[in-house]
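2 protein chains.
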Amino acid sequence: MTSERIWTAGLLVIGDEILSGRTQDRNIAQIATWLNLQGVRLAEVRVVADDMGAIGEAVNALRARNDYLFTTGGIGPTHDDITVDAIAAALGVGVVVHPKARAALEAYYAARGGSVTEARLRMARVPEGAELIENKMSGAPGIRLNNIFILAGVPHIATLMLEALSGQLEGGRPLLSRTIGCWAPESEVAELLRATEAAHEGCQIGSYPFYKEGKAGANFVIRSTDEGALEACASDLGARLQEAGMPVVGEEI
Amino acid sequence: MTSERIWTAGLLVIGDEILSGRTQDRNIAQIATWLNLQGVRLAEVRVVADDMGAIGEAVNALRARNDYLFTTGGIGPTHDDITVDAIAAALGVGVVVHPKARAALEAYYAARGGSVTEARLRMARVPEGAELIENKMSGAPGIRLNNIFILAGVPHIATLMLEALSGQLEGGRPLLSRTIGCWAPESEVAELLRATEAAHEGCQIGSYPFYKEGKAGANFVIRSTDEGALEACASDLGARLQEAGMPVVGEEI
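Chains C and V supply the protein sequences, listed in that same order.
Going by this note's numbering, the first residue of the first sequence is number 21, and it counts up by one from there.
Going by this note's numbering, the first residue of the second sequence is number 21, and it counts up by one from there.
Mixed in with the good hints, there may be bad ones.
Stated by the list, open to error - Straight line, CA to CA, 25 Å or less: simulated SDA-like cross-link-like pairs of lysine to any residue:
1) C:Lys120 / C:Leu165
2) C:Lys235 / V:Thr179
3) V:Lys156 / C:Glu233
Unchecked claim - Residues from chain C shown here face chain V by an in silico Cβ test under 8 Å; the list is partial:
4) Thr53
5) Glu211
6) Leu213
What the hints assert, rightly or not - A short list of chain V residues far from chain C (calculated; beta carbon distances all over 10 Å):
7) Trp27
8) Gly59
9) Ala84
10) Pro119
11) Ala131
12) Leu152
13) Lys156
14) Asn167
15) Gln188
16) Gly191
17) Arg193
18) Thr245
19) Glu247
20) Gly258
21) Gly270
Don't read these hints as lab results, they were simulated from the structure.
Glycine included, each C-beta is placed from N, C-alpha and C at the ideal position.
With the rest of the complex left out, here is chain C (with noise of 0.2 Å):
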């Protein structure tokens, strides 16, 4: 069990908009997710401005510890949308027009009655040696260089380019989750989460703590790769808890 590889990613969002606090974040809850299934696990994010330098430092530093690495943000037309050229800089490749790229384009603008301007064209760029990754809500591709992936920031444009790549990643037994809801101070239990996951190797037990209804309870998520270790810790836990007078109420409250 321990001695399974664990294969990661790290994510970088980029963008002055979540750095102002104008923008709320929706990229690593749903990336975190989907990389659940594809059996990857999340290990860090950053978040940095729109700045080549900045993006440049991120990228190597995700990349060199990560089996892949995730972008959003920075690849739409304007002049604040530097994400192609600060990649291709720190990976020391130059940046080519795609011509699938730009034939997607062409046909969407087409459709539309417009057609490619330099502006527009800006979205076929692409750090050389890299393919595309699909996205028919749009016509401006997510661009995909070895085990870098770049995403839009447009959270519903992210979701259809990560639709794309479902099943396309090697990766690991997925990681496996359990909720139990409480109503347990935490601060009651803490001897017994701790003794519970000791108790169960493989598994890791989160506690997140509320306040409803004018009581304290808690969630707790167990997780682990092994679904026969999760139901047996899970069991374990429900029984523990029973026993010290807070029976669970419910997958999650």
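Dock chain V against the given chain C, drawing on the hints supplied.
Below, chain V alone, put in the same frame as chain C:
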């Protein structure tokens, strides 16, 4: 203008629940917004797991190059709450029980007919030399150690801690912003945006496209620390969009 000192902060979000996708982070946006009001710019965010090494590395990287470091998460009473230990280790200082934090917990639990157990006492542990950040909600304080601010992960508790810190940080002029919403496909105004930004020193223009009601549009966000420069840039951008046949609709679409 351009030589004025810019104060920056790094933010470290700590928690397996964010990296697993279970929990949608809300602290990045709220802390970014709050920092802007204090005249401090959020320069970088990292999200790491509940792991001593990962937390320590990120703490040292972010505090070295920012005026301030904020962290969220991992300060509760359970075994997965290791933020205080990880930060103390990263700084090379010990961990102590803060007498005021112990007193606050005792008062909090006494008022609720409970007592301060060993698990609850974990919430009074701080890196040596730290002060407390008030938290009327739960009795468990935030922690300030020089330029490091250790906040709760639960967003509404983090909010209370930010309120307690409002006006306490030395900062520069707040970053101001104006948003202009327009039914302009951003690829048609890319050059217009670039030229407008270039004509207004000290202003940045971000372009955030959307598709609504079956049409392409974009919100253009102008940011500056100088109110006069901001208004002049916004007015110029509005005039250029009008001239291009894509009049501004309002502050934001």
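- Task: Run the structure past the numbered hints and jot down the numbers of the failing ones, going up.
- Result: Violated hints: none; all satisfied.
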